[in-house]
Amino acid sequence: QKEVEQNSGPLSVPEGAIASLNCTYSDRGSQSFFWYRQYSGKSPELIMSIYSNGDKEDGRFTAQLNKASQYVSLLIRDSQPSDSATYLCAVNREDDKIIFGKGTRLHILP
Amino acid sequence: NAGVTQTPKFQVLKTGQSMTLQCAQDMNHNSMYWYRQDPGMGLRLIYYSASEGTTDKGEVPNGYNVSRLNKREFSLRLESAAPSQTSVYFCASSESGFSYEQYFGPGTRLTVT
Numbered sequence: 304q305k306e307v308e309q310n311s312g313p314l315s316v317p318e319g320a321i322a323s324l325n326c327t328y329s330d331r332g333s334q335s336f337f338w339y340r341q342y343s344g345k346s347p348e349l350i351m352s353i354y355s356n357g358d359k360e361d362g363r364f365t366a367q368l369n370k371a372s373q374y375v376s377l378l379i380r381d382s383q384p385s386d387s388a389t390y391l392c393a394v395n396r397e398d399d400k401i402i403f404g405k406g407t408r409l410h411i412l413p
Numbered sequence: 035n036a037g038v039t040q041t042p043k044f045q046v047l048k049t050g051q052s053m054t055l056q057c058a059q060d061m062n063h064n065s066m067y068w069y070r071q072d073p074g075m076g077l078r079l080i081y082y083s084a085s086e087g088t089t090d091k092g093e094v095p096n097g098y099n100v101s102r103l104n105k106r107e108f109s110l111r112l113e114s115a116a117p118s119q120t121s122v123y124f125c126a127s128s129e130s131g132f133s134y135e136q137y138f139g140p141g142t143r144l145t146v147t
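Residue numbers (my numbering), protein chains in the order written: chain A, 304 to 413; chain B, 35 to 147.
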């Protein structure tokens with residue numbers, strides 16, 4: 304099993320709809336979780352971190368963490384064409400090393 | 035604040051040549067990191083420096099060396115470049131270790147011929 308798994312996409316979502324991005328991880332002792340957005344040819348940009356089970360909201364973005372099921376998700380409400388990018392999930396393992404998923408390409412349809 | 039800066043932005047090397055990639059941060063962060071990003075492979079950690087004066091290997095350290103020059107600066111050196119080192123290199127920093135949010139520089143696109 305890969306350490307951090309994401310569906311590579313592309314995930315196509317109509318403008319104004321909710322985009323749902325998922326990430327599963329294998330290390331049950333992982334404690335810190337991060338979502339990054341990366342536009343083509345640019346560097347990763349931090350969207351949000353989450354450390355506790357439940358939801359964390361920041362503007363149009365909501366991160367959801369379920370440690371028992373070992374998944375973390377990112378919801379983007381009122382999706383905009385500018386949200387079209389690759390979204391990277393990163394997990395800090397119990398041995399204090401970070402692993403990035405390969406990313407999900409999101410395409411918002413105008 | 036400039037955040038994390040990297041130089042150069044682009045570089046072409048011939049096999050066997052050496053070069054140093056420079057990284058600096060102005061956020062007073064303790065920890066700094068070097069990653070490479072290849073198509074289909076995602077971001078992979080090369081080396082990191084948890085604090086000034088310390089460096090440790092990451093997932094893919096072979097062929098690279100690093101220097102934490104001071105709290106602000108962390109350089110990555112390729113002693114004898116190989117085509118397999120063609121990649122995009124990102125420097126990042128965080129307040130203190132992997133459990134903190136990392137902030138990335140703009141990247142260096144390196145081609146080794």
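Among the clues, some could well be false.
The calculated label-pair distances, taken between Cβ atoms and stated as ranges, are [unchecked claim]: (1) A/380 - B/37: 23 to 29 Å; (2) A/358 - B/86: 32 to 38 Å; (3) B/101 - A/314: 38 to 44 Å; (4) B/107 - A/323: 36 to 42 Å.
Don't read these hints as lab results, they were simulated from the structure. Every residue gets a Cβ at the ideal spot worked out from N, C-alpha and C, and that includes glycine.
Hints versus structure:
For residue 380 of chain A and residue 37 of chain B, the Cβ-Cβ distance of about 27 Å falls inside the hinted range of 23 to 29 Å, so the restraint holds. Against the hinted window of 32 to 38 Å, the Cβ-Cβ separation of residue 358 of chain A and residue 86 of chain B comes to about 37 Å, which satisfies the hint. At roughly 41 Å, the beta-carbon separation of residue 101 of chain B and residue 314 of chain A lies within the given 38 to 44 Å, and the hint holds. For the pair residue 107 of chain B and residue 323 of chain A, the beta carbons lie near 40 Å from each other, so the given range of 36 to 42 Å is met.
When each numbered hint is compared with the structure, no violation occurs for any of them.
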